[in-house]
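Protein chains: 2
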Amino acid sequence: MDGETKITPWEVTTTTGIDYLKLIREFGCEPIDGKLVRRFERVTRMKAHPWLRRGIFFSHKDLNLALDAYERGEEIYLYTGRGPSSESLHLGHMVPFMFTKYLQDAFDAVVIIQMTDDEKYYFKEKLTLDEANRLAKENAKDIIACGFTLEKTWIFSNLETVGGSLYRTIVQVMRQTSGNLIKGIYGLDLNNSIGQLSWPCFQAAPAFSTAFSNVFGDQHVQCLVPMAIDQYPYFRMARQIAEKLGYKKPATIQSRFLPSLEQVHDKASSTGSKEVIFMNDSHDAVSRKIREKAFSGGGLTRQEHVEKGANLTVDVPYHYLLYFLDNDNELRDIAREYGSGRMMTSEIKKKTIEVVWNVVREHQEARRLVTSEIVQQYMDPNRSFDHSRRHREIGELSEEDQHLGFHFDPYFRHVP
Amino acid sequence: MDGETKITPWEVTTTTGIDYLKLIREFGCEPIDGKLVRRFERVTRMKAHPWLRRGIFFSHKDLNLALDAYERGEEIYLYTGRGPSSESLHLGHMVPFMFTKYLQDAFDAVVIIQMTDDEKYYFKEKLTLDEANRLAKENAKDIIACGFTLEKTWIFSNLETVGGSLYRTIVQVMRQTSGNLIKGIYGLDLNNSIGQLSWPCFQAAPAFSTAFSNVFGDQHVQCLVPMAIDQYPYFRMARQIAEKLGYKKPATIQSRFLPSLEQVHDKASSTGSKEVIFMNDSHDAVSRKIREKAFSGGGLTRQEHVEKGANLTVDVPYHYLLYFLDNDNELRDIAREYGSGRMMTSEIKKKTIEVVWNVVREHQEARRLVTSEIVQQYMDPNRSFDHSRRHREIGELSEEDQHLGFHFDPYFRHVP
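Going line by line, the protein sequences match chains Z and W. Residues in the first sequence are numbered from 539 upward in steps of one, following the numbering used here. Residues in the second sequence are numbered from 539 upward in steps of one, following the numbering used here.
Hints may be right or wrong, so weigh each one.
[What the hints assert, rightly or not] Straight-line Cα separation of at most 25 Å, SDA-like style, residue types lysine to any residue; simulated pairs:
#1 679(W) <-> 701(Z)
#2 662(W) <-> 780(Z)
#3 786(W) <-> 668(Z)
#4 721(W) <-> 722(Z)
#5 664(Z) <-> 703(W)
In short, the hints are calculated from the structure, not lab data. These numbers were taken from a predicted model, which means no experiment stands behind them.
With the rest of the complex left out, here is chain Z:
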């Protein structure tokens, strides 16, 4: 990346804005185009998720491997994870989980979710082991609240679970990974702790189904990893190692970052000093944060706004609607009305507050039902998992031109 932008799995900072196309070129990933979205729909018989159609999940690597396998009637599984470092997840954290839940339905897939309490212990100096493990279970509640099917989902804490087939697979990855490879990909070196240096192997290993004999027996099952783009290096590494180990290369699908409130081209993050919307925020907090902090692309004065309209490309409320307002027609109307200056900044912010609060409120209601006993059920390794595939009518698909007419990349061009 250029000097002002730094993207690692632990840190995303930019002064110039993130050039996503440049980033995926450097990572060796592919952009997702309309043709791939069409194939996704045809194969899964599911209408593409708005985030697929709107270019939020914008990049992939070998997604076709997962589609091919599914098309042949083979099982695929999804792998994602969470580093438990805060009491509650924020809105940006939810994006990969909400999308993974969608993919679980689309592929009838088992989902494996790694809670990386060990990683957070390595990278957060003041965190104790017990606290990291406690946060893992708290965060699991937020994840379960996304609606993952119990019979098809295993959530595990590394501190509790590393061992057995998972450790065997980690050991294989650790032998194939040199210190120089870790340095080249992650910038870690001998000044880091051994925990930090070895950590990428622990994150890469679950992309091979051999890690989970309790779920897959000894089957080699194709893995698909949904993630934000900054996590891709782990799976670039996993793909390199897969060849050496004779395992299936994991397929990946990557999202952009949910923008921070202050800056469309920055990442929403709870580690910086900036404000983010947490999933346990009150209505007042959500409302205040969007009203006071969300950067507006509207005119500085009412007159300027009416004359020139809003600049959607930099407008944070609009981008949040792009994420969380499902209704395509309504979104298109807002883009047109606000972009032309007929809709005011206060109005789009009001709409954004309503839409975002709706997501947060529904999440809070769902999370309230997730007891510690339910968390234990999701984390129980000793149970049978449902590998079956539901019958799905092809009628559930959207029309081709319907979604293609709306497939666009709001970061590089936008539709009025």
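Following the hints, position chain W against chain Z.
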């Protein structure tokens, strides 16, 4: 060390002979003196093992911590291990296990034995995971044949066992260990695999009783590690980390290397091209190896031998008797007769063959009784362990002057 001697946990090579006193100075260990041997006997109420009296276990670090704990009526445990890289152990491999069995009796201690199949997979390129694991179980038979008490002994394979409290302790060690520390102690760097770089943390962690909640619950139990001197760096590291983690520093006791057949000052090793005595060798093989390969300190001609006597300092058969002939009086007689030239080289070799074959034969008989089911029993983590202490009469001790009269260091001076 000087340029011609290299000692790491993986490699011992020397052209000049190993200067053990220099080595322990560099490691920061202490020599074992007569005073400490006396205290050991007083506290454990056991006669000192010949290897303690004869300076074979010649060095320690904080052995008094273990003696103090035992004296206060507290439990201590012993930790040792084996990297399973060959089908059978050789005579040199047996030394720490035979001594650990003695210490188990002396301290009524639980013994924890780590089979490092993961390590061997990292360091031996052609070894597969399954083969490493199979060798671990084969080698466990040799270890069990030393007579460890089932109720007080847990043998575990890392590949099968890492996880739970063991993994939690490893994680704590991995956070405290920087890459530079690993480089400084072991000479490993970014050109090594992550498996190799992280390996020392996996070997150090079992020196803390927190690693074994199945055996010790949440008790902090003093650990004593018997080992050959080349393994000390792991525990120097463990001792440094113990302070940071608030755990008890492990105490250690170190042996010299069993000499190779060719050279008193070299280490018996199965990885080089030199011949060693394996525990599954036939009588003919043992006999041939000692007759043909064991370096003699006797005179080159009969006349020279009768005139000058044998040089015991470099005589390999004599050193093997020092290890394996328990009878002090007989050993003293041989030293006098052979050293003065009255006993011939062929005679001491015959005696050595008899003594060594006796050790090998008894081992083979004991090992034959060790079935896979018995190995499973020793490796079962889910059982209760016996932490009790037997009552022992003080009468079992040897006289002070009896053992002190024979306490000597055969590498630096020898008694006629």
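| Is residue 786(W) close enough to residue 668(Z), meaning Cα to Cα at most 25 Å? | The given pair, whose Cα atoms are some 20 Å apart, holds under the 25 Å limit.
| field | residue 662(W) paired with residue 780(Z) [C-alpha distance capped at 25 Å] | value | holds, 20 Å
| field | Proposed proximity, residue 722(Z) with residue 721(W) (alpha carbon, max 25 Å) | value | Holds, because 19 Å separates the two Cα atoms, which is no more than 25 Å.
| query | For the pair supplied as a hint, residue 664(Z) and residue 703(W), is the alpha-carbon distance within the 25 Å limit? | reply | Since the Cα atoms of residue 664(Z) and residue 703(W) sit roughly 21 Å apart, the hinted pair holds (cutoff 25 Å).
| field | Hinted pair residue 679(W) and residue 701(Z), Cα distance within 25 Å | value | holds, 24 Å
Violated hints for the displayed structure: none, as all numbered hints are satisfied.
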